[in-house]
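In order, the protein sequence lines correspond to chains X and W.
Counting in the numbering used here, the first sequence runs from 1 upward without gaps.
Counting in the numbering used here, the second sequence runs from 1001 upward without gaps.
These aren't lab readings, by the way, just hints derived from the structure by calculation.
Misleading hints may appear alongside valid ones.
In silico lysine-lysine, DSBU-like type, Cα no more than 35 Å apart, as pairs [stated by the list, open to error]:
#1 X/K345 - W/K1021
#2 W/K1051 - X/K51
#3 X/K21 - X/K41
Non-contacting residues of chain W with respect to chain X, defined by C-beta distances greater than 12 Å in every case (computed) [unchecked claim]:
#4 E1040
#5 G1225
#6 R1262
#7 V1276
#8 D1335
Nothing here was measured: the structure is a model prediction, and the numbers come from that model.
Note that CB positions come from ideal geometry on N, CA and C, so glycine has one too.
2 protein chains.
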Amino acid sequence: MNSQPSHLSLVPFVSVDNMMKLVNRIGVAEAIADIAAEIEKDYRRWPEFDKTERVPAHSEEGVIELMPTSDGETYSFKYVNGHPANMARGYQTVTAFGLLARVDTGYPILFSEMTILTALRTAAMSVVAAKYLAPKGARTMAIIGNGAQCEFQALAFHKVLGIETVRLFDVDPTATEKAARNLANSGLNVVSCSSSEDAVAGADIITTCTADKQYATILTDNMVGAGQHINAIGGDCPGKTELHKDILLRSDIFVEYPPQTRIEGEIQQLPSDHPVTELWKVIRGEEPGRTSERQITLFDSVGFATEDFSALRYIHSRLSELSLFDELDMIADPDDPRDLFGMIKRAEKADQPS
Amino acid sequence: MNSQPSHLSLVPFVSVDNMMKLVNRIGVAEAIADIAAEIEKDYRRWPEFDKTERVPAHSEEGVIELMPTSDGETYSFKYVNGHPANMARGYQTVTAFGLLARVDTGYPILFSEMTILTALRTAAMSVVAAKYLAPKGARTMAIIGNGAQCEFQALAFHKVLGIETVRLFDVDPTATEKAARNLANSGLNVVSCSSSEDAVAGADIITTCTADKQYATILTDNMVGAGQHINAIGGDCPGKTELHKDILLRSDIFVEYPPQTRIEGEIQQLPSDHPVTELWKVIRGEEPGRTSERQITLFDSVGFATEDFSALRYIHSRLSELSLFDELDMIADPDDPRDLFGMIKRAEKADQPS
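All chains should be built: construct the whole structure from the sequences, respecting the hints.
Written as structure tokens, this is what we have:
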């Protein structure tokens, strides 16, 4: 008796190992640029998506979140944790995996690691926002916080926006050394800096991507000058911010999904009616992005489910060409859908030595 | 360069094939009885769980839901779809998979198919409720709806509650034939009936588990007599019910998690303040269950996240003993948690022919 799974029951799975191969074969910067294009395309059809705040399970140590969305044809969700104390234990602060499914049948079509993919899509989202918000001709970016996200930001801005110089700073000099080493042959001019003040000097764009789970002041008001674009990545959960409130008050603030950003972003420091602009409206030309050379623009990024959707769809689109996946027998698929029990009993016969 | 995943990155995965083997080696009825014991234990500590309604994505064709919960130490979620039109296409109406994770690190410890496991835990939940609500000495159960859930219900009530006779009815006689055939050597006396009225005659317990996504009247008021226990499984999403409202008005109604049952259960037909009893209070002895021989008790079951938690924990507890799992490389685990980029680049070297 054949108990082999049928094609319906097999879901393509992209492991960490295969995701690394896939990204390397495409190229890290190219993959980010491709995902940025997908994100931008999906932001243009923003109203088509079911949107909801992420569903969190908070604990003293961190948070586990589910981030679902759907465009009516395809459903996605991501599981992601955020545990700041993990790093000291040799664990990742943020790990993730996710899934695509068909809305019409509910059947999964892709299961994937998303720790790496989230790093790519976060950088991709940053360049999509910067395309509309950064000053024209920006060539220098400061990156404060040189942890797991740093190199992806640097490569993304180099590839998509033509950034030539990155000025790195981290409170831990070994993090800066690591990032500088990883970016050595990237084509970027990499400058390791001794302070945040040093790093932001002359920068057209300031990216903050630190990982402390607390209210921190990575940037103080005097460090931000007219015309700069701030790409704020690290303020991404309740109680975690990076910018001094006065910077927010001088900036035009752009966000992904306001109900989520009000809870998690830098703007949790501001009254809940403080004006913000939804980035999708800027991308669709319904609201202005940058309007003057002296304006300070702030992308208060927290990461939103549609960006994971875009990234997963991109991976799915490259699957058959690159053949870097396994097949998981994760959907029970009896010949007669009403006969789940019979399927189990037939498997018993197949399991016994003949 | 070694790009093999470390132990932290590997998550045990129970495929459909391994779940069938696992259930067969334990025995279907035994596995359900074990899971029932776990569910009952977890219901006794109900206040320890984070509880929330499931997170649905509705479409014309069906629904995809995420069901998270946590007891503060372990987190679980289940992905489950419900697509009534799937059966006609040769797909399962309900498929599911799920995950356990450690709350302190956010790292997954088990990924599992749950189509089969949900079938087991649903039957397990039914017998836990019936233990407190069914009339003493119940020996005969009617099962209306002889689809995928039917045999699990029959075996569970036989094993745990001593039911000796099941009276089967389905609008599709081939479904009844299938169930009768599957239960042939179960030790149960199986009676195939020609109508719902015929099936419920003399039954101490009536189980309804039909699958139509609509308001249906599987049981009319005249079919339910004094002293019976109704185990209503199939009314489990908005717009889907099985019982005539008059039956509800004559019954004492017991539910899992009221905010979810008010939306999805039989009681969606009733005003939102209609009195119901939470089953966990009955199990803890804080509220009465069955109090008289003539009382009609109704377990308005919709399935709740803590039951999946209990079932996943049970599977996890049997993993090492039965060795029926694969290991999935689904968590990116660089030696230096801040060096995700470096891990990807080192994998590139390993991927190149030497």
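These are the hints, each one checked on the structure:
1. For the given pair, X/K345 sits about 9 Å from W/K1021 by alpha-carbon distance, which is consistent with the 35 Å threshold.
2. Between W/K1051 and X/K51 the alpha-carbon distance is near 22 Å, which keeps this suggested pair within the 35 Å criterion.
3. Distance hint between X/K21 and X/K41 is fulfilled; the C-alpha atoms sit about 26 Å from each other, no more than 35 Å.
4. Taking the minimum C-beta to C-beta distance to chain X, about 23 Å, the non-interface status of W/E1040 holds against the 12 Å cut.
5. Under the 12 Å C-beta cut-off, the non-interface status given to W/G1225 relative to chain X holds; the minimum distance is some 29 Å.
6. Here W/R1262 stays apart from chain X, with its beta-carbon at least about 20 Å from theirs, past the 12 Å limit.
7. No Cβ of chain X approaches the Cβ of W/V1276 within 12 Å, the least distance being about 25 Å, so the stated non-interface status holds.
8. Taking the minimum C-beta to C-beta distance to chain X, about 8 Å, the non-interface status of W/D1335 is violated against the 12 Å cut.
In this structure, the one hint that does not hold is number 8.
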